[in-house]
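Start from the sequences, fold in the hints, and give me the full structure.
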Amino acid sequence: MQDTLVKSDVLKGGEYLIKPSKPEDTFIPEQINEEQQMIKETVKDYVYNEIVPKVLRLEKQEEGLSVELLRKGADLGLLGSHMPEIYGGMEMDTNTNTLICETLGPAGGFTVSFAAHTGIGMLPILYFGSEDQKAKYLPGLISGELQASYCLTEPSSGSDALAAKTRADLSEDGTHYILNGQKMWISNAGFADIFIVFAQVDGDKFTGFIVEKGLDGLTLGAEELKLGIKSSSTRQVFLENVKVPKENVLGEIGKGHLIAFNVLNIGRFKLCALSLGGAKASATTGIQYANERKQFKQPIANFGAIKYKIAQQAIRLFASESALYRVSNLIQEKNKEEMAKGASFAEAKLIAAEEYAIECALLKISGSEALDYVVDETLQIHGGMGYSEEGTAARAYRDSRINRIYEGTNEINRLLSVNMLLKKAMKGQLDIVGPAWAVQKELSSMPSFDKLEGAYAEETKAVEDFKKLILMVAGGAAKMQMDGKLDLRDEQEIIMNVSDMLLDLLEAESTLLRVQRLAEMDTKFDQDVYDAILKTFITDVTAKMNKNATDALVSFVEGDLLRTFLMGVKRFTKYTPTNVKAARRKIANTMIEANEYCF
Amino acid sequence: MKILVCVSKAPDTTTKIAFNADGTALNKDGVQYIMNPYDEWYALVRALELKEAAGGSVTIINVGPKENDTVIRKGLAIGADNAVRINSNGGSAMYIAKQIAEYAKGESFDVVITGKETIDENRSEVGAMLAEFLDMPFISYASKMDVAGNTATIDRDIEGGTETVEVDTPFVLSAAKGLAEQRIPNMRGIMMAKRKPLNVVEAVAFDDLVVPVHYELPPAKSAVKLVDPENMDELVRLLHEEAKAL
Ligand SMILES: Cc1cc2nc3c(=O)[nH]c(=O)nc-3n(C[C@H](O)[C@H](O)[C@H](O)COP(=O)(O)OP(=O)(O)OC[C@H]3O[C@@H](n4cnc5c(N)ncnc54)[C@H](O)[C@@H]3O)c2cc1C
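Taken in order, these protein sequences are the chains called A and B.
Residue numbers are given in this note's numbering: position 242 of the first sequence equals residue 242, and the series is strictly consecutive.
For any residue, its number in this note's numbering is found by taking its place in the second sequence, counting from 1, and adding 599.
Some clues are possibly wrong.
[Unchecked claim] Cut-off 30 Å, straight-line C-alpha distance, at most; resulting in silico cross-link-like pairs (DSBU-like, lysine-lysine):
id : chain 1 : residue 1 : chain 2 : residue 2
1  : B       : K650      : A       : K44
2  : A       : K524      : B       : K793
3  : A       : K40       : B       : K615
4  : B       : K824      : A       : K294
5  : B       : K793      : A       : K336
6  : A       : K524      : B       : K650
7  : A       : K44       : B       : K776
8  : A       : K40       : B       : K795
9  : B       : K665      : A       : K524
10 : A       : K336      : B       : K795
11 : A       : K44       : B       : K793
Hints are computed from structural coordinates only; laboratory data are not their basis.
Structural data, given as structure tokens:
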């Protein structure tokens with residue numbers, strides 16, 4: 001079937017805002033093949049037989065247990081599924097790695113140890129390490145013999161990571177750098193053998209180093225007492241005249257920011273996958289409880305207020321997941337393209353993740369906020385039992401919260417997504433000026449009253465209109481900026497509005513593409529249920545788009561121009577609302593019948 | 600040692616079982632299949648352990664349609680060297696045993712292992728019939744097996760205890776819990792699976808002697824009553840008056 005479909009050119013980063021996509025261009029989780037299914041089963045086995053039964057022991061930070069379980073993961077090949085074969089990895093494609101991450105999601109705080117090791121710990125060496133460094137460290141990291149951590153944050157520099165104070169000075173004999181400083185909130189610090197440390201060479205050249213455990217002057221703080229993810233080790237790392245051999249400089253002197261930021265791109269993407277996997281498991285506990293718990297002589301799952309929560313959980317997860325796998329596939333295609341052009345495995349991975357940095361930032365927000373919504377409502381469905389530490393809902397609620405904070409807070413990611421988009425536009429890599437101008441022109445013409453025809457025509461139109469709306473708002477702001485009437489750096493509220501719109505669009509379009517694709521496939525459920533998800537989501541997004549656009553516009557335009565723009569808001573948010581109550585009931589009933597998150 | 604492991608597929612243990620309208624077959628709508636756990640966890644894994652210790656090969660065999668390839672490839676992912684599928688829509692235990700025997704006849708396997716039963720129909724028949732067709736000794740319900748040279752020492756589960764027997768190769772064995780520990784296929788195994796041979800052989804003609812006529816679900820269980828642990832009198836009363844167990 002695949003061969004007969006004509007695929008469009010692969011979208012570049014940020015281009016989803018200005019170009020249409022076809023269902024064939026995306027990848028949806030329902031498409032996973034037999035091998036990926038087997039991999040998923042293996043990961044599930046690992047999570048539910050090895051990790052979940054040991055959660056309470058992990059939460060007490062039992063000595064050696066995290067490392068033992070990471071090594072079990074290594075035996076299954078999981079620590080290197082994304083790494084080159086020559087170092088013992090599996091070189092699996094992006095979509096498979098996304099699936100692995102998602103399936104690990106229910107492993108609670110252990111996922112933080114896993115992700116810190118395989119992601120921010122290992123990737124700096126893969127991306128920027130010399131051949132010698134790779135050969136020295138990667139095999140041990142992949143086999144689980146060595147554990148890694150990533151030390152960027154300091155007491156006085158979190159979001160403003162490049163303001164780190166840790167210094168590195170070349171020793172007099174020129175063989176070593178001497179590191180002095182303090183790192184904070186370092187995941188895996190308690191058991192790490194390798195610390196990727198960022199320090200300012202000569203006080204001003206931000207640079208990465210590979211620091212080995214056991215060096216004189218490297219000491220650890222006590223375990224932090226945290227709200228959640230208690231099974232994950234988090235400590236301060238102190239560096240006092242630590243002598244790091246010159247060979248352990250990672251990448252170029254003064255180019256540490258490239259390491260820090262590039263590693264975070266894929267980290268954010270993976271955080272979304274892990275969050276969604278955790279959220280699905282959490283939703284399942286809520287549904288099961290709702291089916292069991294009886295009040296007023298019936299299961300609470302019968303009540304509309306509970307059905308609403310269950311449906312809403314499903315819709316948000318479905319939308320976020322659709323965006324995740326769509327972007328996953330874009331990264332995968334870009335990866336292939338770069339390899340075909342002669343890039344090495346590591347280069348291709350780096351370039352592909354960087355290309356979709358905007359989408360990765362948006363997905364991080366999407367996954368972490370969907371997870372927060374789901375664990376909150378799951379706890380609520382449990383009532384008093386949700387508040388008890390005897391069940392799993394309370395822990396899931398506490399564990400979730402960190403995801404909006406690390407890998408760049410969600411505020412920082414919102415700012416980044418818009419700033420990167422505008423930067424791409426300024427550099428001429430992304431033409432938003434042309435399309436924004438076209439929208440302006442459209443505003444002065446009569447709207448078309450043609451009746452829409454065909455399946456999903458209304459939703460397709462709604463998504464096209466969302467794009468126009470964003471171009472109108474962002475284009476309007478950019479124009480004011482160029483005319484010197486606005487400085488967006490001082491207008492974070494507007495940027496927040498725009499980034500929310502960008503995320504809503506990414507999710508809405510991805511959901512539409514997935515549901516269109518499902519309509520062509522043999523599926524587990526009737527298409528009606530998928531349609532209900534799509535229509536409810538588009539209805540919700542329409543209202544959000546309207547509000548975000550209005551809030552943004554009234555903040556920087558006035559008079560006649562504002563009136564024109566507000567008419568535009570009306571014109572581009574015309575989607576006919578669906579009967580959301582009936583649709584949500586259909587969705588909820590499907591999950592209640594399945595007694596689990598089932599999409 | 601050359602080992603043949605017979606693997607079948609079975610409905611996932613969480614399947615909600617339903618039958619077709621006239622009750623003559625399982626309603627397969629929405630049923631997820633897995634490899635029969637006795638075949639996967641015990642028979643196959645013990646075979647692999649023996650091969651790892653003493654060399655040789657492990658072949659898995661299944662009698663069934665093309666859809667079964669998924670389950671077969673899982674066996675290859677866990678570590679079998681190659682696989683054979685006898686193309687057929689299946690049949691009674693005797694039909695299956697006959698098909699496997701026809702293939703195994705020419706291959707001189709030292710040990711042939713089946714699971715002690717398939718978790719759907721619990722017939723425990725294929726192993727014994729296969730031994731008969733192959734004219735080999737049969738040891739059922741094995742929970743431990745060591746092999747030295749050509750002789751195997753095998754523990755069998757018997758009511759309330761264990762029986763230990765010795766047998767020379769070749770023989771047929773049915774595997775029970777304890778024979779080995781489940782192995783999760785690792786990433787490398789999964790990636791290798793598609794490169795390993797899976798030969799498809801046509802079934803030989805054989806008329807089934809036994810045909811299932813009707814299936815029925817057990818009557819639905821009534822709701823469970825929870826009794827407070829402090830309230831022994833109530834428990835005794837319920838057991839006596841309602842359950843009539845005392
Ligand atoms: C459990 C845990 C594990 C961690 N693991 C690691 C690790 O392994 N390695 C590592 O290097 N770091 C790690 N971190 C650190 C984490 O990345 C930082 O906490 C995070 O980046 C935020 O920095 P901060 O805590 O200094 O908050 P701040 O930067 O002080 O932010 C405080 C608030 O201000 C907001 N804010 C900051 N700047 C702006 C701005 N320009 N505009 C608008 N709002 C802004 C933030 O969004 C936030 O709401 C971890 C943290 C925790 C809690």
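Hint check results:
no., hint, verdict
1, B:K650 x A:K44, "holds, 28 Å"
2, A:K524 x B:K793, "holds, 26 Å"
3, A:K40 x B:K615, "holds, 22 Å"
4, B:K824 x A:K294, "holds, 15 Å"
5, B:K793 x A:K336, "holds, 22 Å"
6, A:K524 x B:K650, "violated, 41 Å"
7, A:K44 x B:K776, "holds, 22 Å"
8, A:K40 x B:K795, "holds, 21 Å"
9, B:K665 x A:K524, "holds, 21 Å"
10, A:K336 x B:K795, "holds, 26 Å"
11, A:K44 x B:K793, "holds, 21 Å"
The structure shown violates just one earlier hint, number 6.
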